[in-house]
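Engineer: Sequences listed follow chains Z and L, in order.
The numbering used here numbers the first residue of the first sequence as 1 and each following residue consecutively.
The numbering used here numbers the first residue of the second sequence as 1 and each following residue consecutively.
No lab work stands behind these hints: they were computed from the structure.
Be aware that one or more of the hints could be misleading.
Covered by chain Z, per the in silico footprint, the following chain L stretches (three or more residues, Cβ under 8 Å) [unchecked claim]:
#1 60-69
#2 93-100
#3 147-155
Quantities reported herein were computed from a predicted structural model and do not represent experimental measurements.
All residues carry an ideal CB built from backbone N, CA and C; glycine is no exception.
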Amino acid sequence: MPQAKRILVACGTAIATSTVVAKAIEDALRERGIEVITRQCKASEVASMVEGMDLVVTTTPVPTNLGVPVIQTLAFLTGIGKEAVIEQIVKALNQK
Amino acid sequence: MAITLQAYLVPEALIFGMDAETSEEVIRNLCGKLMYAGYVRGAFVEGVLARERVQPTGLPLEGKYNAAIPHTDVDQVIKPGIAMATLARPVLFRNMVNPEKEVPVQLVFLLALDQPKSQIEMLQQVSHVLQNPELVEQLMHARNLFQVRETLRKA
Numbered sequence: 001m002p003q004a005k006r007i008l009v010a011c012g013t014a015i016a017t018s019t020v021v022a023k024a025i026e027d028a029l030r031e032r033g034i035e036v037i038t039r040q041c042k043a044s045e046v047a048s049m050v051e052g053m054d055l056v057v058t059t060t061p062v063p064t065n066l067g068v069p070v071i072q073t074l075a076f077l078t079g080i081g082k083e084a085v086i087e088q089i090v091k092a093l094n095q096k
Numbered sequence: 001m002a003i004t005l006q007a008y009l010v011p012e013a014l015i016f017g018m019d020a021e022t023s024e025e026v027i028r029n030l031c032g033k034l035m036y037a038g039y040v041r042g043a044f045v046e047g048v049l050a051r052e053r054v055q056p057t058g059l060p061l062e063g064k065y066n067a068a069i070p071h072t073d074v075d076q077v078i079k080p081g082i083a084m085a086t087l088a089r090p091v092l093f094r095n096m097v098n099p100e101k102e103v104p105v106q107l108v109f110l111l112a113l114d115q116p117k118s119q120i121e122m123l124q125q126v127s128h129v130l131q132n133p134e135l136v137e138q139l140m141h142a143r144n145l146f147q148v149r150e151t152l153r154k155a
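Throw the hints in and build the complete structure from the sequences for me.
Structural biologist: Structure follows, in structure tokens:
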């Protein structure tokens, strides 16, 4: 059993948005048989929280020179382009 | 059973066809209603406005109406509640994922949360509504609390 991948989910305040996004990512990946561990943070905390993470998914701009892939998307809130983003996440996790 | 969006919706903070010029006007109006209804302290509105300036919450949706979900840190919240407004004409909010872009918004959920981790079902319900153009359309045409609750129940 491979170790679960770790995804850092960022939004503005780490109050509402990232909670929804993190849950949606977990559910979508579980449906595909992929277990992930998510952690939430504010956009301003990403740089200090990114260590040990395989991927950053954010709903708000964050630095991109983090050393791990960054996916900026509203798909988990609005539904637009959700399938494509899930594919993108799976691909990014597989490349690690 | 999870506490639902319908239960968090504050009847006194529900505005249909609000005629506003700016996002600030919309936010001030809704925060005022939440304050008078005893859900947030007076400083809540400044927190929401400050957050909206730095981290906007405009969301382009799939259907013909777009939405915004202004919210902020928990400290000025007395008890959790959600205010909602439909706007008579689109008001510009900036895009959450790309703050340089503007989104013409006609549906606003203003979230006053105190325990976001335990309010996840309710937040997911907001997101389910936004992902469903039919429900958004129904909310845009709602004219009373009953119609709003009926629509949210389907999310």
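Engineer: Give a verdict on every hint.
Structural biologist: Here's how the hints hold up against the structure:
1. Counting residues of the region 60-69 of chain L whose C-beta sits closer than 8 Å to any C-beta of chain Z gives 4, which meets the bar of three, so the coverage hint holds.
2. For a cut-off of 8 Å, the count of residues in the region 93-100 of chain L with a CB near a CB of chain Z stands at 4, and the three-residue condition holds.
3. Evaluation of the coverage hint for the region 147-155 of chain L: breached, as 0 residues show C-beta separations to chain Z shorter than 8 Å, against a requirement of three.
Hint compliance for this structure: hint 3 alone is broken.
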